[in-house]
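Undergrad: Chains as they are written, first to last, in this note's numbering: chain A, 1 to 411; chain B, 1 to 288; chain C, 1 to 250.
The set of hints was computed from the structure by calculation and includes no laboratory data. Check each hint, because a few of them may be wrong.
As the list claims (entries may be wrong) - Straight-line C-alpha distance at most 35 Å; calculated DSBU-like pairs for lysine-lysine:
id: 1; chain 1: C; residue 1: Lys184; chain 2: B; residue 2: Lys183
id: 2; chain 1: C; residue 1: Lys92; chain 2: B; residue 2: Lys96
id: 3; chain 1: B; residue 1: Lys178; chain 2: C; residue 2: Lys20
id: 4; chain 1: A; residue 1: Lys18; chain 2: C; residue 2: Lys7
id: 5; chain 1: B; residue 1: Lys130; chain 2: A; residue 2: Lys55
id: 6; chain 1: A; residue 1: Lys222; chain 2: B; residue 2: Lys161
id: 7; chain 1: B; residue 1: Lys161; chain 2: A; residue 2: Lys313
id: 8; chain 1: B; residue 1: Lys59; chain 2: A; residue 2: Lys228
id: 9; chain 1: A; residue 1: Lys22; chain 2: C; residue 2: Lys116
id: 10; chain 1: B; residue 1: Lys96; chain 2: C; residue 2: Lys3
id: 11; chain 1: B; residue 1: Lys59; chain 2: A; residue 2: Lys256
id: 12; chain 1: B; residue 1: Lys161; chain 2: C; residue 2: Lys231
id: 13; chain 1: C; residue 1: Lys137; chain 2: B; residue 2: Lys183
id: 14; chain 1: C; residue 1: Lys231; chain 2: B; residue 2: Lys178
id: 15; chain 1: C; residue 1: Lys139; chain 2: C; residue 2: Lys128
id: 16; chain 1: C; residue 1: Lys75; chain 2: B; residue 2: Lys183
id: 17; chain 1: C; residue 1: Lys98; chain 2: A; residue 2: Lys17
id: 18; chain 1: A; residue 1: Lys222; chain 2: B; residue 2: Lys39
id: 19; chain 1: C; residue 1: Lys116; chain 2: C; residue 2: Lys193
id: 20; chain 1: C; residue 1: Lys230; chain 2: C; residue 2: Lys92
id: 21; chain 1: A; residue 1: Lys22; chain 2: B; residue 2: Lys59
id: 22; chain 1: A; residue 1: Lys222; chain 2: C; residue 2: Lys92
id: 23; chain 1: B; residue 1: Lys59; chain 2: A; residue 2: Lys48
id: 24; chain 1: C; residue 1: Lys230; chain 2: B; residue 2: Lys178
id: 25; chain 1: C; residue 1: Lys128; chain 2: C; residue 2: Lys20
id: 26; chain 1: B; residue 1: Lys96; chain 2: C; residue 2: Lys128
id: 27; chain 1: B; residue 1: Lys96; chain 2: C; residue 2: Lys7
id: 28; chain 1: C; residue 1: Lys231; chain 2: C; residue 2: Lys20
Stated by the list, open to error - Residues from chain A that face chain B, not an exhaustive set, calculated with beta carbons under 8 Å:
id: 29; residue: Val27
id: 30; residue: Leu46
id: 31; residue: Gly139
id: 32; residue: Tyr214
id: 33; residue: Leu234
id: 34; residue: Pro238
id: 35; residue: Val240
id: 36; residue: Ile328
id: 37; residue: Ile389
id: 38; residue: Ile392
id: 39; residue: Met395
id: 40; residue: Val396
These numbers were taken from a predicted model, which means no experiment stands behind them. Virtual Cβ for every residue (Gly too), placed ideally from N, Cα, C.
Here are the chains, one letter per residue:
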Amino acid sequence: MRLLLVLVKPLPLTVIKKILNKTIEGVLMLSSTITTLTVLLIVLFLFKEGVSVFKESPLDGDNVIVLNNQNDVNHLSAADIKKIFDQETTNWKLVGGANDSILLFTFNDLSNYFSEEELGPEFEYLPHKMDSLIEANPGMIAVFSKKYLDKNHKSKVATIDNISPKTFLLGKEWFPTANPAVQLGVLPLILGTLYVSIVAILIALPIGLATAIYIAEVAHPKIRAIYKPVIELLAGIPSVVYGFFGLIVIVPLIQKIFDLPVGESGLAGAIVLAIMALPTIITVTEDALRNTPRAMKEASLALGATQWQTIYKVVIPYSASGISAAAILGIGRAIGETMAVLMVTGNAAVMPHSLLEPLRTIPATIAAELGEAPANGIHYKALFGLGCILFIITMVINIWVETISKRRVNR
Amino acid sequence: MQSDLKKILSQSIAFWTFRILSLAVMGILFSILGFIIVKGIGVVSWDFITKMPEDGMTKGGIYPAIIGTLCLIAGSMLFAFPIGVMSGIYIFEYTKDSWYRRFVQLMTANLAGVPSIVFGLFGMALFVNKLGFGDSILAGSLTLGLLALPVVIRTTEEALKAIDNSYREASYALGATKLQTIKRVTLPMALPNIITGLILSIGRVSGETAPILFTVAAYFLPKLPTSVFDQVMALPYHLYVISTSGTNIAESRGMAYGTAVILILIVLILNIIANIIRRFLTKKYKTN
Amino acid sequence: MYKIESKNVNLHYGSFHALKGINMAIEKNTVTALIGPSGCGKSTFLRLFNRMNDLIDGVKIEGECLIDGKDIYSKSIKIDDLRKRVGMVFQKPNPFPKSVFENVAYGLRVNGITHKNFIEERVEVCLKQAALWDEVKDKLKKSAMALSGGQQQRLCIARALAIEPSVLLMDEPASALDPISTAKIEELIYDLKNLYTIIIVTHNMQQAGRVSDSTAFFYLGELVEFDSTKKIFTNPTDVRTQNYITGRFG
Ligand SMILES: Nc1ncnc2c1ncn2[C@@H]1O[C@H](COP(=O)(O)OP(=O)(O)OP(=O)(O)O)[C@@H](O)[C@H]1O
Ligand SMILES: [Mg+2]
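So that you can see chain A by itself, here it is in the shape it has in the complex (with noise of 0.2 Å):
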């Protein structure tokens, strides 16, 4: 019988079957390589996006901005622009140059200065007659497209500075659409994003902490056994459900009690992302909780200690970093969240001064802008910044509860 043992197997099978197993687990391996694979493109594709957005000028499309050559003023900078033609400044000596009044210029006002015939059919006389205009008014500023600038213009171009990460990170006024240049500051919302995920955090913590310690250490199995089935539904539930449930009755009681011109706030936002954090939250806790050797619970019990002083002086100290890791999930979760945000705050893109008006996150922005950015151009760029910063801030936060939690393992 030994003898039938050998001969079943002849030879050439079992160099295929080799070969094969080499070939599965070529296979298995290659497929491991795919979530690798996947956080390298993700940074590729965004990086290369986001970070070509510093290559742009603020100007919208091939447009330039021309000053009378007598003008001190040589450069001016996106904001700068934008106060110019929203006429919050009126005069030269605000941005560096002589006492003198600014005339706006921008072609809109065309027909104010010249009849149709004046500039010919093609508008083939307008660079030369533009030039002229722009020399005739010595306050006059003047924005047009590239082509209509005469070849041998005496007015002078002023240089305007592409989009530096000082003044993206730091500027405070997030304007993609303005006309003639685009403003693009992202600190309101960085700021919005941080507002209404941290107080979205102190809201569910010490509830998330006080239910995880319920569930872990007070509750009978029974009530355990149904707290964990709910808590798994809460956290499935898609945040588009939690966002509508937020538009119709969080924000309607907000604006009543509060007696708001509108409801969407910040703090309708750290409402709902409250109660979208509390799974992770509970969860995480309770696990680091249950994590607490049974040994040391029953020393500190030995000891006369009553279970809540077991709790808050053995249990607890013990789960500390898991807690915090709790919260730093928490939070990120409460950071990247889009739709639900998007529907309840009001997607105002100013600097947020209170948790009752309008603000408006950096997922929020991407969501709501990147379907109107035509493809490649600043404003689509722009949101690919927002999306590098978001993939930073959430990226940063994970090392950083992968080191917590390797911490306890160590322990």
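With chain A held as given, fit chains B and C with the ligands onto it using these hints.
TA: Here is chains B and C with the ligands on its own, set in the frame of chain A:
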């Protein structure tokens, strides 16, 4: 004596606080579910789930959105499930405690933490624009699949970890190769747990909106897809548009409630199935 | 020629020296019991002979392990073939969650045997050898998980026998079982001796006395004494052995 009283008093105050707060959590959940279901269940009917939307999406049904979501679930799972399971097997069974394992696990954790809107951006840049799939089921499914991938990998790893090593050793001791052991012993034993994870990730995929905004979702498209390069409507996106930016927000409110109810029901049913499988599983191995 | 031999074997788990220069020679068709306090290296030594320690990270093995005079750690030995010749039974009964029949057939199938009649025959023979046939012949298609602990362990023995090993390694095979099941396993070991060379790890002195021909006493990774069971239990040479079997430590 007095300090004893204080001890007991502080314990009962603390425990009652916990009890009340945890009841509040339950209360929140049930009031959200209850509110939406009570308001929306009347809208849900056979017509609602089998008819096209009509009159600027204020009447009719949500049939194309349901079909669209089903397509996206199928597409994303077709991608994420095999790759995720294979990847989990490789990480757990083949790599020992090496830098490779730690690196891949870190990357998986990172991918799991990437916000869904970033997946949307990425899907748009890679699948829609770079690879030229356009707004399509294919692009949307791949984006959602990548989002579900870390979940599937994690569950597979956990399921394999739960199997006592002596089963593997017993198989090796009988002359089985690693692959035979995986195919005949470990994988069948892990499968119920893996499937539970799969079901929960279907729940996640079916409710995601941000990743499909720019990769597949159509605002209003009252016809069914005919190829993977077609756009589709999807339930979560549908709920978003009719509750925030439809032509008649007030008049489509009923439709919005109904859609929310369907979304909740999907998650509820998937959770129940997952729990049944889990319970069945623990029972099966308890006979030992 | 001895059936099994170890020559000056050293084993390290990373920096931990778990086996220290073990020399032992075991005759064909005998039962050898390995005894010693917990953590002294009995399991580690046992698992040398089907190269189960290879699966663990950071294990380093020096010295020679021979079966039928051949070094089983040499390059020319194929590990699956070796494991076919050396069966193993574990401490906790661990039948696969398959039917009783499929459990016994498992070793045959993974070794490429597909002949149906042959497999059926073999399953019956092995279940009979493991003294389990009468109890399970009507539920061969039922899940093995539904058997009692003692039956499960005998099923695991039958499973190991199916591929016709010549050596059987048993790591505390009866420690998770009740006295009646234990007695059955011991009886079985006694019967199997005619066909197999058996090494058994046990914490139960009486069991070692009842079933084994020779006994090896391990202490802190060393083989303190190896002799006939009678000698070890009545007149041990080393004082540590004496202390252990009289229950003074361990
Ligand atoms: N995988 C491993 N990694 C590191 N050290 C190990 C490993 N397995 C066993 N050891 C160590 O090697 C020593 C011998 O272990 P072994 O399992 O052989 O003991 P044993 O005699 O079988 O004990 P027991 O009677 O408790 O089963 C122990 O000190 C143990 O801590
Ligand atoms: Mg042992």
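Undergrad: So, against the hints stated earlier in the document, which numbers end up violated here?
TA: 8, 12, 14, 21, 23, 24, 25, 26, 31, 36, 37, 38, 40
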